[in-house]
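Asks: Next come the chains, spelled out residue by residue.
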Amino acid sequence: AQTVTQSQPEMSVQEAETVTLSCTYDTSESDYYLFWYKQPPSRQMILVIRQEAYKQQNATENRFSVNFQKAAKSFSLKISDSQLGDAAMYFCAYRSPGGSQGNLIFGKGTKLSVKP
Amino acid sequence: EAGVAQSPRYKIIEKRQSVAFWCNPISGHATLYWYQQILGQGPKLLIQFQNNGVVDDSQLPKDRFSAERLKGVDSTLKIQPAKLEDSAVYLCASSDRRTYELGITEAFFGQGTRLTVV
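Quick note, the sequences are listed as chains Z and F, same order.
Numbered by our numbering, the letters in the first sequence go through residues 1 to 116 in order.
Numbered by our numbering, the letters in the second sequence go through residues 1001 to 1118 in order.
For the record, the hints were derived by calculation from the structure and aren't laboratory data.
In this text the structure is predicted, and so the values were computed from the model without any measurement.
A few of these clues could be false.
Unchecked claim - Covered, in the sense of this in silico footprint (three residues per stretch, anywhere, with C-beta under 8 Å from a C-beta of chain F), are these stretches of chain Z:
{"hint": "1", "segment": "40 to 49"}
{"hint": "2", "segment": "73 to 84"}
{"hint": "3", "segment": "107 to 114"}
Glycine included, every Cβ here is placed at the ideal spot set by N, Cα and C.
Excised from the complex, chain Z in its bound form (with noise of 0.2 Å):
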């Protein structure tokens, strides 16, 4: 079964400085795709970013990008030039492809506060 660790339970960064959130997960499939979920206090999962395992390329979204190591299974999640509306719980997520086995599968996620 896949698992995905995120061990850093909270972190802090000053406003407009850079912050990287850790993630790390186990799995014996090849193909996967990986995710950075934001839930505000609101409660909604919103997709920050995602990496298709099969590419070499690191995924970036305007300040947020991630470094994809396959070989060591890590799946960090760079935000730059910290916003205040940055604040909220980080979820690193997998999912094998499509069909019955293409559930999510969530870290305990990392609680950001940004500083002004």
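Based on these hints, arrange chain F on the given structure of chain Z.
Replies: Same frame as chain Z, but now just chain F:
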């Protein structure tokens, strides 16, 4: 495009009572998921539907939890009788089967129902 709708937003019940949550997925989404998120943890899948059929309910405590998706659209999740450890946020999500399996789109989440069992 309307998102995934869930109700109620909050619910407080006493242990041994019953409770039901409702979810209306995005129009046209064949796949619907119910996740349980206990405080301090990530969401965990309870049940996955494809249209009105169950794809995966391996982590659903079937002695007290039940779910249905009549007509392949709306879904209800029921707990009867509730236990203290059922206190959690219950998230509903939906996805378009074809584009999801192709890796083009992902699941969309509702805002969840926060259940407190006292």
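Asks: Taking the hints in turn, state whether each one holds.
Replies: Status of the hints after comparison with the structure:
no., hint, verdict
1, 40 to 49, "holds (count 6)"
2, 73 to 84, "violated (count 0)"
3, 107 to 114, "holds (count 3)"
The structure fails hint 2 only (numbered hints given earlier).
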